[in-house]
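2 protein chains.
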Amino acid sequence: MAKVHITDLVLRDGHQSLIATRMQTADMLPICSKLDAVGFWSLEAWGGATFDACVRFLREDPWERLRKLRKALPNTPIQMLLRGQNLLGYRNYSDDVVRAFVQKSADNGVDVFRVFDAMNDLRNLRVSIEAVKAAGKHAEGTVSYTTSPVHNIPHFVELAKGLAEMGCDTIAIKDMAGLLTPYTAFELVHEIRAATDLPIHTHSHATSGLAHMTHLKAVEAGATIIDTCVGAFAEGASHPTTQSMVAALAGTEYDTGLSLPLIEEISAYFKEVRKKYWQFESAFAGTDTRVLINQVPGGMISNLANQLKEQGALDSMDAVLEEIPRVREDLGYPPLVTPTSQIVGTQAALNVLTGARYKSVTNEVKLYLQGRYGQAPGHINEEVRKIAIGDLEVTTCRPADLLGDELDKLRGEIEGLAKSDEDVLTYAMFPEIGKTWLQERAAGSLKPEQLLPPAAAQQDNGPRYAADEFKITLH
Amino acid sequence: MAKVHITDLVLRDGHQSLIATRMQTADMLPICSKLDAVGFWSLEAWGGATFDACVRFLREDPWERLRKLRKALPNTPIQMLLRGQNLLGYRNYSDDVVRAFVQKSADNGVDVFRVFDAMNDLRNLRVSIEAVKAAGKHAEGTVSYTTSPVHNIPHFVELAKGLAEMGCDTIAIKDMAGLLTPYTAFELVHEIRAATDLPIHTHSHATSGLAHMTHLKAVEAGATIIDTCVGAFAEGASHPTTQSMVAALAGTEYDTGLSLPLIEEISAYFKEVRKKYWQFESAFAGTDTRVLINQVPGGMISNLANQLKEQGALDSMDAVLEEIPRVREDLGYPPLVTPTSQIVGTQAALNVLTGARYKSVTNEVKLYLQGRYGQAPGHINEEVRKIAIGDLEVTTCRPADLLGDELDKLRGEIEGLAKSDEDVLTYAMFPEIGKTWLQERAAGSLKPEQLLPPAAAQQDNGPRYAADEFKITLH
Ligand SMILES: [Co+2]
Ligand SMILES: [Co+2]
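Protein chains in written order, with numbering that gives the first Met the number 0: chain A, 0 to 474; chain B, 0 to 474.
Simulated from the structure, these hints should not be mistaken for lab results. A few of these clues could be false.
[Stated by the list, open to error] If you anchor each label on the Cβ, the simulated ranges turn out as follows:
| id | chain 1 | residue 1 | chain 2 | residue 2 | range |
| --- | --- | --- | --- | --- | --- |
| 1 | B | E448 | A | Q438 | 57 to 63 Å |
| 2 | B | P73 | A | D254 | 36 to 42 Å |
| 3 | B | H378 | A | K70 | 50 to 56 Å |
| 4 | B | G354 | A | N293 | 41 to 47 Å |
| 5 | A | D254 | B | P148 | 43 to 49 Å |
| 6 | B | E309 | A | A442 | 50 to 56 Å |
| 7 | B | E439 | A | E321 | 49 to 55 Å |
Heads up, the beta-carbon is just placed ideally off N, CA and C, and yes, glycines get one too.
Go ahead and model the full structure; you've got the sequences and the hints to work with.
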C-alpha cells in the first residue's frame with residue numbers, strides 16, 4: 000500500500016497559476032483516461048477561478064465541464080476548491096444558495112470539497128461543510144497559512160480542531176503564497192496530527208522554492224496527501240512537479256506507488272497543450288523569493304505591477320510593496336488570498352497613489368471594516384476604521400446571518416434564461432457576466448475568446464491578467 | 000555560528016547551465032562587492048566550461064578574469080571546478096602540466112579546487128590533488144554520483160575514503176544529472192560521514208526537481224556545505240535558489256546566517272544581466288524529469304535533440320535515447336559527465352544513424368576502450384571492444400603514465416606568442432583556439448562574439464549550444 004497519496008492539480012490550480020485559468024475542457028478530455036489510470040487520491044479539476052474563467056473567457060458552461068470530466072474520470076475522485084460562504088463568487092451568499100451550490104456540485108460530479116475562508120473565520124465555513132456532509136461527500140477543511148504577529152502554530156491548531164469538530168474528513172494546509180518553510184511545516188503537521196485524528200493534506204505553491212521541501216517535511220511529520228502538478232504545468236507560481244515528488248518518495252516508507260512513465264506521458268501531452276496558450280504566460284510565473292522578505296505573494300506583485308503600469312505609476316511599486324504590510328496590519332492581518340489579497344493590494348495602491356493614507360477607501364475595505372467578511376485574525380486599527388466608515392455599525396455576527404434566503408429571488412431574476420438550477424447558480428455567482436452568458440447561449444452567440452495563432456508567439460510574450468486579478472481604480 | 004555553509008554558483012555553474020557559459024567578466028565585477036559581503040563559504044567562479052568559453056566565445060583572457068575576481072572578492076574564497084588529469088581541456092595532460100596548471104590557478108586566485116574525474120578513477124585525481132595541497136590550497140575531492148548496477152553506496156563510500164587518504168580537505172558529492180534522491184542522499188552522506196572525518200559538500204542540479212530536497216536531507220545527515228545559485232540564475236538545469244535554501248534553514252539548527260535582502264539585491268542585479276544574454280537561453284533548461292526514467296541527463300537530451308535536428312534525424316531521438324543506456328552498459332557504466340557524456344551520446348547516435356551498432360566507432364570510444372580515460376566502474380563489453388579496437392593494446396596503468404613531460408614542448412610550440420606560463424597553459428588546453436586567441440591578441444584583433452540587441456529578443460528564442468556540447472559526426 001502506498002503511504003503517501005497525491006492530488007494532481009493540472010486541471011485546476013496548475014493552469015490557474017500559469018496560464019490565467021485558460022485551459023479549455025476540450026484540452027482536458029483527451030488525456031483523462033490516462034489521468035484516471037494513475038491512481039491519484041484526487042484530481043483537482045473544478046472551482047477556484049475555473050468557474051469564472053469558463054463563463055467570462057472560454058464561454059463554456061462550467062457545469063457541463065464538470066459532467067464531462069466526471070464521465071471521463073470514472074475511477075478518480077474529482078476535487079474542487081470552494082471559498083466557503085463566498086462559494087466561487089466574490090461576496091457572501093445566503094445559506095440556501097450555499098446549500099444548493101454544494102448539492103449541485105456534488106450531483107454533477109464533485110467528490111472532494113476543499114473549503115476555505117480568506118479570514119480563517121470558521122463561521123464562514125460551517126454551512127458549506129455541513130452541506131458537503133449532507134450530500135454524502137468528502138469535506139476537506141482548510142487552514143489558510145500565513146505569517147504575522149498573530150499567526151502561530153497554536154492558532155492554526157485551534158483552527159484545525161474547529162474544522163475537525165465540524166465533521167471534516169481531512170484537513171488541508173493551504174500555503175497559497177509559498178511562505179510555509181519545511182521545518183515549520185513539520186511542526187505544524189505534527190501538532191495538528193496530535194490535536195486531531197484527521198489525515199492531513201498539504202498545498203504549497205512553489206513560488207519561493209520551498210514547496211518541495213515543505214511537502215517532504217510535512218510527509219515526515221505525518222501528512223499523507225500532498226498536492227503536486229504534472230511537470231508541464233508545475234513549478235514557480237504553480238506547484239512541485241508530480242514526477243519529482245513521486246521519485247523523491249519512491250523506495251521509501253512514503254512510496255506513492257505511482258508510475259513515473261505514465262505521468263511522464265501525461266506531462267508530454269500537457270506540454271503541447273500549454274503551447275497553445277502561450278499568450279497567457281507571464282514573465283512573473285517563475286520562482287520568486289521576494290515573498291520571503293516582504294510577505295507579499297508573487298501573484299499580487301505581478302498584478303500590482305501590471306496595474307500600476309497601466310496607470311503610468313510603476314515607479315510607485317516599491318512604495319506600494321511597503322504599504323501592503325501596513326494596510327494588512329491595519330486590517331488585523333488577514334491571510335492574503337482571494338479576496339483579501341485584492342482588498343489589501345488595492346487599498347495599499349490607493350494609499351500611495353492618492354498621496355494620503357485612506358484618503359480614498361474602497362467599498363471592499365469599508366465592508367471589511369464593518370465586519371462583512373468575518374472576523375479578522377488580529378486587531379483592527381480603530382483609527383483607520385473611524386476614518387473609513389465613521390459611525391457605521393460594525394457586525395460581529397457571522398456575515399451571512401445578515402442575509403435572508405436568496406435562491407427564489409435569484410430564480411425569479413433570471414427566469415426564462417435559466418434552464419436549470421445550475422444556470423441559476425451561474426447567474427448567482429456572476430450576476431453580470433453570468434446573465435450575459437445565459438443570454439448569448441440562448442441566442443446561440445457564445446464566442447470563446449480567440450487564441451492567438453502559434454506563429455504570433457514570438458511577437459508578444461507580455462504577461463496577461465488572471466481572472467482573479469484586482470483593479471486599482473482611483474475614485 | 001552558522002551550521003550550514005553555502006557555495007554560490009552564479010559566477011560559474013549558474014550561467015554555464017542556463018546561458019551556455021556566456022557571462023562576461025564585465026557583468027560580474029560590478030556586483031562583486033555585494034557578493035563578497037554575503038559570507039558565502041566560497042564562490043564558484045572559475046573552471047568548468049568558463050575557461051573554454053572565455054577563449055572561444057568571449058575572447059577574454061581567463062587568467063585575467065581570475066585575477067580581477069580575486070581582487071574584487073577579497074573576503075570570499077574563490078572556487079574552481081577542475082577535471083582532474085584533464086584539467087580544463089578534453090584530454091589527459093602530463094603530470095608536469097597538471098602541476099603547473101594548479102600552481103598558476105592558485106597563484107592567480109583560486110582558493111578551493113573541486114577536483115573530479117568522469118570515470119571516478121582515483122588515479123586520475125591524485126596528481127592534481129597533490130598539487131593543490133603543495134600550493135597550500137583547499138582540495139575538495141569529488142565523488143561523481145550516478146546510478147547503475149555497479150554504483151551503490153559502498154562503492155561511493157570507498158571512493159570517498161580514497162579521496163580522504165589523498166589528503167582532501169572536503170568531499171564533494173557531485174550530482175550533475177539530478178539523479179540523487181533525498182533519502183539516498185541522506186544515506187550516502189551518513190555513510191561517508193561515518194567512514195571519513197571530512198566535511199561534506201553537496202552539488203545537485205535542479206533538473207529533475209529533486210535537488211532542494213536532496214540538499215535538505217543531506218544537511219540532516221551531516222553535510223555542512225551546499226551548492227546553490229542566486230535566484231536569477233537558478234532552478235531547472237541550474238541549481239536550487241540560494242534564497243530558498245537560506246529561508247528553508249533559517250531559524251533551525253542549520254541556519255546559514257546569511258542575509259536574504261542582500262542576496263535578493265544581488266539576484267535583482269543578475270536578473271537584468273541575464274536579459275542581455277537572451278540569445279543563449281534554451282527551451283530545455285526548465286525542470287525535466289525524464290532523466291528519472293531514462294537516466295539520460297537533461298543537457299545530453301537537449302544537445303542530442305539539436306544535433307539530430309541539424310542532421311534532419313530528429314525522428315531518431317527516441318531510438319537514440321534508448322541506445323544511450325546500452326552504450327553506457329557496453330562501456331562499463333561510466334558516470335555521464337564531461338567528457339563521458341559526449342563519448343556515450345555521440346556513439347549512441349552513430350549506432351542508430353548508421354543502422355548498425357558500432358559500424359562506425361568514434362576515436363574517443365576507441366581510446367576509451369584502450370583504457371585511455373582510466374578504469375571503467377563496471378565491466379567493458381569485450382565483444383564491443385573487439386569490434387572497435389581489434390587487437391590494439393589495452394592500458395591498465397594510469398593513462399597519464401603513458402605521457403612524458405610536456406610543458407617544455409608546449410612552451411616551445413607557442414614561443415613568441417605566449418607572454419607567460421599562463422599563456423602556455425591556455426595554449427595547452429586548447430591548441431587551436433588557444434593559439435588563434437594568442438595570435439589575435441598579439442595582432443590586437445580579438446573580437447568578442449556579438450550579443451544580439453535586446454530588441455531582437457522577440458524574433459528568435461531558439462536554443463543555443465553550450466561550450467560542452469557534443470557533435471555527432473558521421474564518418
Ligand atoms: Co493554490
Ligand atoms: Co554542476
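Now the hints, each set against the structure:
Remark: the range hint 57 to 63 Å for B:E448 to A:Q438 is upheld by a beta-carbon distance near 59 Å. In this structure, B:P73 and A:D254 break the distance hint of 36 to 42 Å, their C-beta atoms being roughly 50 Å apart. The supplied range of 50 to 56 Å is met by B:H378 and A:K70, whose beta-carbon atoms lie about 54 Å from each other. Under the hint 41 to 47 Å, the C-beta atoms of B:G354 and A:N293, about 60 Å apart, miss the expected range.
Look at A:D254 against B:P148: about 21 Å separates their beta carbons, and that is not inside 43 to 49 Å. Range check, B:E309 to A:A442: Cβ separation about 54 Å, and the 50 to 56 Å hint holds. For the pair B:E439 and A:E321, the beta carbons lie near 51 Å from each other, so the given range of 49 to 55 Å is met.
Checked against the numbered hints listed earlier, the structure breaks hints 2, 4 and 5; every other hint is satisfied.
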